[in-house]
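*Asks:* For reference, the chains in residue letters:
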Amino acid sequence: MTEDNKKILLLGFGNPARADDGLGPALAEIIESKNLFCVTVEADYQLTIEDSAQAAEHDIVIFADASENGAEPFSFKRIEAKESESFSTHSVEPAAVLALAENLFGSKAKGFILGIRGYEFDQFGAGLTQKAKANLQKAADFIEDLLKTKKFNKMSGTADFADYAEIIIKNNQFNLCNQ
Amino acid sequence: MNTSKRIIIEPVTRVEGHGRVSILLDENNKVTQARFHVVEFRGFERFIQGRPYWEIPVLVQRLCGICPVSHHLAAAKAMDKIVGADKLTPTAEKMRRLMHYGQMFQSHALHFFHLCSPDLLFGFDADPKIRNIIGVAVKYPDLAVQGVMMRKYGQEIIKATAGKKIHGTGAIPGGINKNLSIAERDVFLKDIKKMFEWSRAALNIAKDYTIKNLDKLTPFASFESNHLSLVRSDGAMDLYHGNLRVITADGKKIFDQVDYSNYLDYITEEVKSWSYMKFPFIKSLGPQKGWYRVGPLARINCCDFIDTPEAEKARKEFMALTGGRPNNITMAYHWARMIELLHSIEKINDLLHDSDLQGTDLVVKGQRRNEGIGLIEAPRGTLFHHYKINDDDQIVMCNLIVSTTNNNEPFNRAVQKVAADHIDGVPKITEGLLNHIEVAIRAYDPCLSCATHALGKMPLIVTLYDHNGNEIDSMTKQ
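Read top to bottom, the protein sequences are chains A and B.
First residue of the first sequence? That's 1 in our numbering, and the numbers climb one at a time after it.
First residue of the second sequence? That's 1001 in our numbering, and the numbers climb one at a time after it.
Treat the hints with caution; some may be incorrect.
[As the list claims (entries may be wrong)] Derived lysine-lysine pairs resembling DSS-like cross-links, with alpha carbons at most 25 Å apart:
#1 A:LYS82 - B:LYS1129
#2 B:LYS1289 - B:LYS1253
#3 A:LYS7 - B:LYS1164
#4 A:LYS34 - B:LYS1212
#5 A:LYS108 - A:LYS82
#6 B:LYS1212 - A:LYS108
#7 B:LYS1289 - B:LYS1193
#8 B:LYS1152 - A:LYS7
#9 B:LYS1316 - B:LYS1212
#10 A:LYS108 - A:LYS150
#11 B:LYS1164 - A:LYS34
#12 A:LYS108 - B:LYS1316
#13 B:LYS1159 - B:LYS1193
#14 A:LYS108 - B:LYS1129
#15 A:LYS82 - B:LYS1139
#16 A:LYS7 - B:LYS1159
#17 B:LYS1152 - A:LYS6
#18 A:LYS133 - A:LYS7
#19 B:LYS1212 - B:LYS1253
Hints listed in this document are in silico derivations from the structure and should not be mistaken for laboratory results.
Kindly generate the complete structure, drawing on both the sequences and the hints.
*Replies:* In structure tokens:
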């Protein structure tokens, strides 16, 4: 399979009613509107076990979530399937979605997590804060470019790409091939 | 001198949002009181003030990431009253029912396979490293796949009827905004045999487990209580619509066939200083005796029969366990939930074979009103939505009683029972105590929905305080 034909799933999750917790679905909405080739976009309040079935139908899965205390404007890193012993809620963590996909459906999907920095998570119905909106736009530009170029082979290991993301945004360049 | 000690467990894992358990000990380290604190977010009731009523069925879904469909439909039912739609078209009502049974099916499957089955398959005291869904996936892969695919099936029904998984728009005041195409219907019919087969298997697991472990489960976190649910006018279980019935622990009717529009004449809520969550109770009995349970156990106990054959057969087996008397075993919630899982797929099957779903008469309207009340049996129990609007169509009052609030007092009772049975003079939080409290609370499948889920949240913190409020022990699980 060529890079161009890789099937990619973008899963944006979070609660849009909880201010910046809605960054994940907001990112999904932006990317969905681009109608990108071989890219499936989903939005939900949280990740649950059935996301593993959909993940298994794709070669690459990008989880987009709000980050409470991560890098600004966003971080982007590779994640590995991980059998978590602790499940806090009805939801599951991205690494556990990949682990379920692997264990139950033989998936070999590569996983990445996009953490968009948010600032306000407790106000009900307030919408995204201005700072979060700015971070969202930068993250959306970055992801759109990545999904068009599909240069995921540059994304190896578990290094945090926050610094890199900041650099490319500064230079207004989003192509990871130029890394 | 006050010589009590307080143990606090915060939050409870594998339930939604942030919960906290505190246990009060006396001078001999015996349990005197247990409280399940919930950080319930009441902001929604203020947030929607001034919003036009037709936005509410969509807006209200933001309350909860786990049961948005239940809020969507309860709000839509309340708005039906406001637009004077006292009887929906057959297509509208059946589309909503399909959406609701899809929600019930996916929610019950999620709870059983993701949250409950690790406890049942590995035992309450098994190592947490294997007592989780990944452990189930490794040891019982077929079962885990079934859970995932059942959940997915229900979610796809929601998508087909509500429009999408997040912010669905299917139910609107007075009806529905789409029907089900033949193509959509056939997708669901293709897999329905498997769903039946897997639902029966899940029911058997819950039933066999309960019967096999009855001696252990009967006293576990159990107590006698009243039970409340909606029932149809002929006494049948009806998860979408009906009238209120409340029975005592031994089955006597406290009230029956009450039009839920009059719920305030029968039910009120008490505020307690130590809890964000209110305590509903039956007015005529008062707060001490008027509290009740809701959810699958209450629904099976309250109804006279179930109108689908396989679930009715299962209900009879369930009731035979207690000789026809209401079942008050907390852990029997799991068995009751699986009876409803089977009932839901039977209902989905009936609806998919009903050509009314392809009808085009979708909306009705009547004489406008300034007040609307909508109740529904959500997966976790009876859900109340109550709204008033002004002449400009804006919301001026909103009161919600969610399922988890209805079960507030039972949570406390369950925790107290478990704590009293496990703490024996040693003021320490053990892994065993923690596990057993979690198992008891999880039986109710509470949805403490209001937490955000941003990266970096959701630790488990266990703290022990003495009678002066000083921390003497603490445990954190990320």
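*Asks:* Determine for every hint whether it applies to the structure shown.
*Replies:* Against the structure, the hints come out as follows:
With a CA separation close to 12 Å, the supplied pair LYS82 (chain A) and LYS1129 (chain B) stays within the 25 Å bound. The straight-line distance between the Cα atoms of LYS1289 (chain B) and LYS1253 (chain B) is roughly 14 Å, inside the 25 Å bound, and the hint therefore holds. For the hint linking LYS7 (chain A) to LYS1164 (chain B), the alpha-carbon distance of about 22 Å falls within 25 Å, and the restraint holds. Proposed proximity of LYS34 (chain A) and LYS1212 (chain B) is contradicted: the alpha carbons are some 55 Å apart, above 25 Å.
The straight-line distance between the Cα atoms of LYS108 (chain A) and LYS82 (chain A) is roughly 13 Å, inside the 25 Å bound, and the hint therefore holds. Between LYS1212 (chain B) and LYS108 (chain A), the direct Cα distance comes to roughly 40 Å. Violation of the 25 Å bound is thereby established for this hinted pair. At roughly 45 Å between alpha-carbon atoms, LYS1289 (chain B) and LYS1193 (chain B) are farther apart than 25 Å, so this suggested pair is violated. A hinted pair counts as satisfied when its Cα atoms are at most 25 Å apart, and LYS1152 (chain B) with LYS7 (chain A) qualifies at roughly 20 Å.
Note on LYS1316 (chain B) and LYS1212 (chain B): the hinted pairing holds, with a Cα-Cα distance of about 18 Å set against a maximum of 25 Å. For the proposed pair LYS108 (chain A) and LYS150 (chain A), the alpha carbon gap of about 17 Å is at most 25 Å, so the pair holds. This hinted pair checks out: LYS1164 (chain B) and LYS34 (chain A) have alpha carbons roughly 18 Å apart, not beyond 25 Å. Pair hint LYS108 (chain A) plus LYS1316 (chain B) does not hold up; C-alpha atoms about 46 Å apart against a cutoff of 25 Å.
At most 25 Å may separate the alpha-carbon atoms for a hinted pair to count; LYS1159 (chain B) and LYS1193 (chain B) meet this at roughly 20 Å. Between LYS108 (chain A) and LYS1129 (chain B) the alpha-carbon distance is near 23 Å, which keeps this suggested pair within the 25 Å criterion. Only pairs whose Cα atoms come within 25 Å are accepted, and LYS82 (chain A) paired with LYS1139 (chain B) is accepted, the gap being roughly 16 Å. Our distance criterion of 25 Å between C-alpha atoms is met by LYS7 (chain A) and LYS1159 (chain B), whose separation comes to about 22 Å.
This hinted pair checks out: LYS1152 (chain B) and LYS6 (chain A) have alpha carbons roughly 23 Å apart, not beyond 25 Å. A hinted pair counts as satisfied when its Cα atoms are at most 25 Å apart, and LYS133 (chain A) with LYS7 (chain A) does not qualify at roughly 28 Å. Only pairs whose Cα atoms come within 25 Å are accepted, and LYS1212 (chain B) paired with LYS1253 (chain B) is rejected, the gap being roughly 31 Å.
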